[in-house]
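S.K.: The primary structure of each chain is shown beneath.
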Amino acid sequence: MIHAPADRSQPDSERSARPDGSRRGGARVNLDWGRYTQQAGLFAAVLGLGAFFAVKNRSFAAHDNLIELLRAATLYFIVACPATLVLVGGGLDFSVGSVYALGGVNAGLLITHGAPWPLAMLGGVASGVAVGLINAAVSVYLSVPPLIATIGSFFFAGGIAVVITDGIDVYGFPNSFSNIGFGDFAGIPYLIFYAVVIGLVFHVLLEKTTFGYNVRATGGNRGAAAANGIRVARLDMALYAISGGIAALAGILGAARLSTASPSAGGAGFTFQVVTAVIVGGTSLFGGVGTVAGSALGAILFAEINNGLQVINVNPLYQSIFIGIILIAAVAVDQFRRKRRFRAGR
Amino acid sequence: MTAPSRVADLQLTGISKRFGHVTALDGVDLSAYAGQVLAVVGDNGAGKSTLIKIISGVFRPDAGEVVVAGERRTFAEPAASRRAGIATVFQDLALVEVLDVSTNMFLGQFPRRGWFVNRKAMDAQSRAFLDELRITVSSVKTEVGMLSGGQRQIVAIARAMRTGAHTILLDEPTAALGVQETARAAELIRQLRDRGKTIICVSHDMNFVFELADRVQVLRLGRVAGVRDVAHTSKDEVIAMITGSLSDARAGGEVA
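Protein chains in written order, with my numbering: chain Z, 1 to 346; chain F, 347 to 602.
Because the hints were derived from the structure by calculation, they are not lab data. Any given hint could turn out to be false.
Unchecked claim - Below, computed lysine to aspartate or glutamate pairings styled on EDC-like, alpha-carbon distance capped at 16 Å:
id, chain 1, residue 1, chain 2, residue 2
1, Z, Lys208, F, Asp551
2, F, Lys581, F, Asp551
3, Z, Lys208, F, Asp477
4, F, Lys466, Z, Asp184
5, F, Lys487, Z, Asp169
What the hints assert, rightly or not - What follows is a set of in silico ranges between Cβ atoms, one per label pair, in the way DEER data are often shown:
id, chain 1, residue 1, chain 2, residue 2, range
6, Z, Gly152, F, Asp540, 56 to 66 Å
7, Z, Ala44, F, Phe462, 27 to 37 Å
8, Z, Gly159, F, Glu417, 26 to 36 Å
9, Z, Glu68, F, Gln455, 29 to 39 Å
10, F, Phe365, Z, Lys339, 34 to 44 Å
11, Z, Ala44, F, Val525, 41 to 51 Å
12, Z, Leu47, F, Gln455, 53 to 63 Å
13, F, Gln455, Z, Gly152, 28 to 38 Å
14, F, Ala522, Z, Glu68, 50 to 60 Å
15, F, Gly524, Z, Gly41, 56 to 66 Å
16, F, Gly391, Z, Ile148, 32 to 42 Å
17, Z, Lys339, F, Gln455, 25 to 35 Å
18, F, Phe365, Z, Phe336, 23 to 33 Å
Where is the CB? At the ideal position from N, CA and C, for every residue including glycine.
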């Protein structure tokens, strides 16, 4: 670790052995596996559960079923990407379920009122960004905790989605629009491609960019980040805006896939699925720690449970029981791991 | 040891600060010199932390002036103080425990290559810098949360130095440290002094002060109770000034 030398003459001779400061000899590579134990465990769980389902019913492992499983995970995962960043940044966004519906019906209404669909999509995404900016402003400037601010906007945004549609589904979209949610390439749905691209973008954003480093620092210790010149309020605005925008985009893709934009899409169930997938994926509720890859595994695990239980003819009503147990187990394991890892314990 | 005729590298004159009815500082003077450690001591509520926060730009004084290297300055925010070459190591250290040493060293100022953080350069510079201060680190990728209190203190001081500051403020650097760790922190501070840095250190720890400081300034109830060369004073005298049983006739003056 670190120590200032007690004897001031000695380190000079030691230093001469490493002219460019690169000592440590051959054992240089120390990829920190501790960071990935949660993901490794989750990956094993996904594989193990998959093997179990496949043994019970071989059609689980069929190509078409696996594609369907992944497709089912995509919309949750797409929203889980920015949600991961929000959580790593020390926040929480519970409004995504309603923003999902709001984005869908906004874009849907714009299309049925004659707007070209790319423009309608932009309009839908913009409504999500607006909700996100409100979330950030309320939590930063009115000092309302993000949990409350985003539950508030969950009702608010959901209410708007119902009011502007009179609670009635919006449909009658051109094929060119429906195709973006419905189409496939080489037998793989477009949605899976979108999810892969969005996942990669968010992974790079979090792991490699200054923005990602600032997010991690702010979530890890907001006071320290601010004291070192990171603009934490502006960071929050960006995070929640991105979260709202992507949640709306997912709602629009979902509407395109079903050729229907419903004000009752998404909802609390969607919010909880997304947040649960992120947390089960190893992202800390306390900020600073988390990966997009983990969230992908979390989303896939839930899709797998849902799909597998149906394939092996277990009543799907049992699903929630399993998810609840998995969530609590995942967080308990994470806490245990953290206590061992950090002396201070977080 | 005191530089009698030399111009102070950091000079405060007549600094006052009130919070509502409470006068935290009342006409405080302070002179700090390059290549010296000035210890600021005093009882709780003497105004030590307020004084540090004025120099580091957290608070603005109600009266008085701050002169850095001969130039009068007003610090509207901590960043302004940093730009003037003053680095502060606050008592809470402002480290992010879940992040590694190298990331903490560059917090808020990550080296970039295009859109990305230049991780290689950051690690190499962190290591080179820690080596230069003769701090040995097994890996700059170790998370700060896994370090001991003393190691964290050293990382925080090293980070303050990395910015190229000529003046370093330390607020209770040994408050959370054990005996050995305190010795290590003292060693590092001495190195910085020997490099010609101006060091101001607030501390409760009288042994630490007498081992490390060149001069000691005593605050009492928001005023300067006295300034002494460590070589020409005793713990008893300093403690007497802290408790108020001894005070220089005209508070605020440079003595010795």
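S.K.: Hints first: check each against the structure and report whether it holds.
M.R.: To see whether the hints hold, each was checked on the structure:
1. Z/Lys208 / F/Asp551: violated (43 Å)
2. F/Lys581 / F/Asp551: holds (11 Å)
3. Z/Lys208 / F/Asp477: violated (26 Å)
4. F/Lys466 / Z/Asp184: Violated: lysine 466 of chain F and aspartate 184 of chain Z sit about 40 Å apart, past 16 Å.
5. F/Lys487 / Z/Asp169: violated (53 Å)
6. Z/Gly152 / F/Asp540: 56 to 66 Å: holds (57 Å)
7. Z/Ala44 / F/Phe462: 27 to 37 Å: Holds, since alanine 44 of chain Z and phenylalanine 462 of chain F (Cβ atoms, about 31 Å apart) stay within the stated range.
8. Z/Gly159 / F/Glu417: 26 to 36 Å: violated (58 Å)
9. Z/Glu68 / F/Gln455: 29 to 39 Å: violated (48 Å)
10. F/Phe365 / Z/Lys339: 34 to 44 Å: Given about 39 Å between the Cβ atoms, the range holds.
11. Z/Ala44 / F/Val525: 41 to 51 Å: Check passed, 46 Å falls within 41 to 51 Å.
12. Z/Leu47 / F/Gln455: 53 to 63 Å: Because 42 Å falls outside the window, the suggested range is violated.
13. F/Gln455 / Z/Gly152: 28 to 38 Å: With a Cβ separation near 36 Å, glutamine 455 of chain F and glycine 152 of chain Z satisfy 28 to 38 Å, so the hint holds.
14. F/Ala522 / Z/Glu68: 50 to 60 Å: Holds - the Cβ-Cβ distance for alanine 522 of chain F and glutamate 68 of chain Z, about 56 Å, lies within 50 to 60 Å.
15. F/Gly524 / Z/Gly41: 56 to 66 Å: violated (36 Å)
16. F/Gly391 / Z/Ile148: 32 to 42 Å: holds (37 Å)
17. Z/Lys339 / F/Gln455: 25 to 35 Å: holds (32 Å)
18. F/Phe365 / Z/Phe336: 23 to 33 Å: violated (44 Å)
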